[in-house]
Amino acid sequence: MNNIFVYCEIEDGHVAEVSLELLTKGRKLANEIDRKLEAVVIGHNLTGIEKQIFPFGVDVIHVADNSRLYPFLTLPHAEIVVNLFNEEQPEIALFGATSVGRDLAPRVASALKCGLTADCTSLMFGDHTENKTGKEYKNLLYQIRPAFGGNIIATIINPDTRPQMATVREGVMKKEVFSATHKGEIKHVNVDTILNEGHMAVQIVERHIEKQKINIKGAPIIISGGYGVGSKETFDLLFELAELLGGEVGASRAAVDAGFVDHARQVGQTGITVRPKLYIACGISGAVQHTAGMNESAKIISINNDPKAPINQIADYVINGNVADVIPKMIKFYKHNTK
Amino acid sequence: MSFKIVVLAKQVPDTRNVGKDAMKADGTVNRSALPAIFNPEDLHALEQALRIKDRMEDAEIIILTMGPPRAAEIIREAMYRGADSGYLLTDRKFAGSDTLATSYAISLAVKNIKPHLIIAGRQAIDGDTAQVGPQVAEKLNIPQVTYCEEVLDVSDDELTIKRRLERGVETVKCKTPLLITVHSSAPACRPRHAKLLMKFKHARTVSELQEETKDYTEMMTNKPYLRIEEWSVADLDADTEFLGLSGSPTKVKKIENVVLAKKDSVELTTDDKDIDYLMKELIDSHVIG
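Respectively, the protein sequence lines represent chains S and Y. Residue 226 in our numbering sits at position 226 of the first sequence, with consecutive numbering throughout. Residue 114 in our numbering sits at position 114 of the second sequence, with consecutive numbering throughout.
No farther apart than 25 Å at their CA atoms in a straight line, the calculated lysine-lysine pairs in the DSS-like style are these: (1) Y:199 <-> Y:214; (2) S:174 <-> Y:263; (3) Y:162 <-> S:213; (4) Y:251 <-> S:132; (5) S:277 <-> Y:262.
Since the hints were made in silico from the structure, they are not lab data.
Next up, chain Y with everything else stripped away, as it sits in the complex:
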């Protein structure tokens, strides 16, 4: 039996490079102005999985993501870098999920896959909560090791992991099954591999195949690895009360655009006299010096 690793990944809007057109005039976020990307720390998580696969011949990497149909893009991206297969959880009934409802849905999908190890990024850049990893572990009733920097050693039933904390490092050991979350200080993910890109560029979900004009029937039959599994609520053994909005205890009461109270600022140029004036003010008022 292979050593199954599930990597949890999320497609997120690239909130790091928000341009001036990212906010609409009414103060809401203009999602279309932000490119959708592979959540950065989830790529670090994928790299840790790939490093385990480098060492263990029978390791198998399965990407699991939840999102709209287009999130299949990140499953392909992971395949180009070495993942073996992927599952996309997609259903309107998941809409409005907070971290608790998300974790519940993901934990049910993980139960279907029955991996030895689950690896996730520490947090996603659109929410920065770092909650889904630990909550999936709790729902599965397995241990969690967060803030991982490196998997030092792995065997069929035990991992040794280095964690990066605020003021130092910690090395821990834990038996599988286990969930770990990977910190951004871990090594970056290896790039796409040309051969894998060729192999998986036609990987598709059922929904994507329906959109294709080309006939994929023969290709999908001959190359079953091109099939990206798509799961809806019906594929999970779910209590629907705990999914989506109804399963989300947190509610957004209010969203505000940020309005900074305008101060009467003194405008200066880079001229020597302006800088000298400023420095003299600061020294005279004992702010500096």
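One chain only, chain S, in its complex shape:
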């Protein structure tokens, strides 16, 4: 009872990266308050799935394996999670902030009448004293996220409802194997006693999932552009430099909203979190929403014609000038000085 639960997403027989990252975080949180880490896996043909999960330090895996449970559908998955949480009374429940987790978690939170915080960038324990009543709380989950378009950082707590629920984007937490030989217990959920016809109201007619084409998360070098890049044409310069250096092109939310580049390239709280060895921020002012997703880059260069751009604060090199002037010079030097 009162353990830490992670909902594990399954695609093609594999546990999603974000779920493994959350298991890693969940293990640390569980150790801090001396609780167990439990995983919830819902899908079909899941025999052997525990081999992907136990190495992350999971004590109990709840498996719901049924042909009606894959591909993901909101209602049957929500029903199973709600039933399980009512029985197990988790202290904390974590979901990936994906199109699955952000669809499922709110429905579950509503059914359980408990609090949910979306897109957290940090999770930690802390205490709280209620001002009015003086009631004290120990080890609440501090759910930290940028808010208001990323202009402020808010710490959210759920003092009185359980589980304390949060979603986290892929790449925000680090994935680390706890022990390759770790083994726990497997519990099977009796799906047939939970589901009825009503849960199958939504039918999937067609499904076309592609392998991820753009992978900026793993790129060692990222040339990232913001609204200040100004046009698709100037973005082409970023692509040219990225190709030359063996990197990828990233973007701020404003650049994506302006239609300069594809959403898959968005770095930041509502995009992807990256930790490359070099991050070149071109015409990016540096709202928290963006910096939350890149401030752990090993080296940061900011190219901006606003010397007061907030991103300059965290940059190792600040170039005060126009992106369209600087990038071609970088390309030229690199071509002349390397083979």
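Take the given structure of chain S and dock chain Y to it, following the hints.
Positioned in the frame of chain S, the structure of chain Y alone reads:
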């Protein structure tokens, strides 16, 4: 009977274009520096409703929003683009609502309207939570289809919908009643229509009428469609414990202005020698090359 569509919409501060005066010296948000706008994805939701109305003659579009009295602005905006009527949920007792309390209030209003279909934007730009849509569906005990890009087909009792996921697309079918949330990859909303602008420019809520110096009595009697309904807690069959602050399990513990730890950065110009110096450093330290 008409095919009733409720579009859930929110008036939000335009957090996308935050200028330097958006934050006050004490680190709080200067709301007055941010214009209030129609939440972008809710406009995509309205467009999907309008497209259904284009195909179904008896479709009726009702805007539902919760907010302060001035949020009636977005109901008028929706009318200019083709919505038929609107409801504004406004009451101080809603203040401090998180997504759960908001969803509860909205679900009660939806129960009063009894639509076949509810369409919402995926998320609002001031919170980015994407939680209210699914939570309203749960409170109404109806299915939800999130991340919709296009309603492919609609009949009186069933919809076929294309969803946009991270790595692909999915087509699903579901019977009504149903709630769908619309993704920003869906088509943008059509602009205001001049005739509709003329027709609805005097649409008002009761609160707005009280502020008017001009006498609207005759106009409101002759043109009942100009009335924007205003509902308070009293109009909902609500358990007040689940509204506002008391109905909100999440509490804001702390708000911080963002202070980035200042690094000792090297300042450079666009001069060739500066760029060359930087590139040489990067190559020599094997960061690139």
